[in-house]
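Peer 1: Each chain, written out:
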Amino acid sequence: MTATAARLVVRDLSFSWPRRHVFTAWSAEVVAGLTWLRGANGSGKSTLLKLLAGALPPLAGEMQLSGELALNPATDALAWKREVFWCGPGPIAFDHLRPQEYFGFLKGLYPRFDAPAVMAHAAGFGLGPHLATPLAALSTGTQRKVWLAAALAAGTRLRLLDEPLNALDAASLAYLHAELARAARQSHTLWLVASHDAPVDAVTRETCHLLDLPLP
Amino acid sequence: MPADSSVVLPLNYATMRSRWCLASLQAFLKRWGVYLGMAGLAFGAGATGGLAAVAAVAAWTVLPLGWVVAHAQWTLTSLAKLALVLALQSAASVALLRAVRPMLWPAAWRDSEATLPLSKRDVRRSDAVVCALALLLWWAVQGLGMANVLMQNPPWLQPARWAAPSALVLTQGLAWALGMRGLQAARGAAVGRYRRSPASAAVGAIAPKAMRWWWALLMVPVWRGVARSLGHWWLASLLLLSVPPLVLWWQPAWASAIFAGWSLAALSLTSRLGHLSRLSLMPLLQSAASSLPLSPAAMERARRWQLLLPALVGAALLLASVWLGPAAALFRPFVLATWALVATFSLWWSSGPPPRQADEAALRWLLSLVIQLALSTEVLS
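These protein sequence lines map, in sequence, to chains A and B. If you count by numbering that gives the first Met the number 0, then the first sequence holds residues 0 to 215, one letter each, in order. If you count by numbering that gives the first Met the number 0, then the second sequence holds residues 0 to 380, one letter each, in order.
Hint data in this document are derived by calculation from the structure and do not stem from the laboratory. Do not rely on the hints blindly, as some may be mistaken.
[What the hints assert, rightly or not] Label pairs and their in silico Cβ distance ranges:
id : chain 1 : residue 1 : chain 2 : residue 2 : range
1  : A       : HIS208    : B       : LEU291    : 38 to 46 angstroms
2  : B       : TRP31     : A       : SER13     : 30 to 38 angstroms
3  : B       : LEU28     : A       : HIS187    : 34 to 42 angstroms
4  : A       : SER13     : B       : LEU365    : 52 to 60 angstroms
5  : A       : TRP16     : B       : ARG331    : 25 to 33 angstroms
Don't be surprised by glycine CBs; every beta carbon is placed ideally from N, CA and C.
Using the sequences and the hints given, assemble the complete structure.
Peer 2: Written as structure tokens, this is what we have:
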């Protein structure tokens, strides 16, 4: 497959929680590689990722993922979601599954999910001894590693990581930093990472794009 | 374990959900099976053997439907009665689906499910599978009941030998469809809340008001926090346990049945409240006990009083309607006092932490119920 530079365009996005307004006609453009989404608590980082992932419907505005195929969640939600992977800030929802079952479940949903790669990432995160244990029996940190391994292998054009550094041990943190540094050089995938700490080390930080959210 | 891609086997959404659903339903039956079995024994007590008792209980679940269908006529009253029974038969199944909804679609899945590339068909199919799984046992009971009624072949059923089973299938099909619609609505409601208009005014600086610990940790979570489900059950219990005293006021002759029914309802509802409280409030209180200068024993006592309040209010109203009611002289004060004492102790037990052994809890529950039922039959002189 020939990789074409991917781009995410958000235009006039508006969104409100019942008691809090978050975005009013907010626009931005995200280019391929790694983008560090920054903002104070309550600025809407997690909300933005959920909006981009299709978990929340915006009040107004549009999003477009361009590259080989232009996609818009309003016109084709399913095609959009096949190109977007969201890794939330907490533990995995489907915690009755074992990690390899969870990977198998995702493999059936994302057309370019890379099974060998996910097992390599699982090994990289030191998940080997836990692959046959139900997720509910694993610690929060281990569950996060399973979700991150899936995100790294999802094969979607847009990957959304919400606080990926939370609850990780030093070795896993180093592994994730290295993988995200590699992601920063990709031209066909957009990585949008919401985090209070830099998602890459100081050396590769120069290659990382920045997107700052002001307080609403 | 070596990294091996061969272990990654595709798993579709319906299968993944049905696994969760089956495991949850299995745990639910394990927890409530004893009580369901006891209720079954009570209803089938007149039968000659175990199988006959099961068949008798099953038959009761479809008998009203069969009777009304068999006696249906083309008159407005008869059709209204038929429509009501069909609706009630469906409503029982819908209520069952509503009660087990967290086992069919946990709210914690909302965000993850919404981000997955699942077609509406995939989601509907998985809804259909989990609703069917939840209803399977209930369908089996009703099917057995209908078979039992048809085998008995009562004369009144002759004109409706096909219509009665068809009506049952119709009601259960309707319940299944409504259950699936309910799951869709739950997702819609979750999203709908986000679509309200923006907050109009910025909130200025508000001076913090003093708040009692029990208000912050026990009351607020119940009406707008993690324990809202407990709050709904608490209100429903308060209402349900306050109705029998009103009936007793007007019909003192029914006192034994009212006291017995109230005892069963109070024990069941307090047990349910206790279970919900352990699930939702206990983690919050444990976390508060470990990080705040609060006494764990005081918090546990307050939690139990909170659970007992609907039953205590109901019991107080029940006794008040005896003493202040028109037939106060008919009641035996010593029996009433003993009943009140046993009821208070058994409710206090059922609000506490469960014993390590499930059969010990069931035995304790059953024993206190039997004593209360026995005393209920003796309240009238």
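Peer 1: Decide, hint by hint, whether the structure agrees.
Peer 2: A quick look at each hint next to the structure:
no. : hint                                    : result
1   : A:HIS208 x B:LEU291: 38 to 46 angstroms : 43 angstroms, holds
2   : B:TRP31 x A:SER13: 30 to 38 angstroms   : 47 angstroms, violated
3   : B:LEU28 x A:HIS187: 34 to 42 angstroms  : 50 angstroms, violated
4   : A:SER13 x B:LEU365: 52 to 60 angstroms  : 59 angstroms, holds
5   : A:TRP16 x B:ARG331: 25 to 33 angstroms  : 59 angstroms, violated
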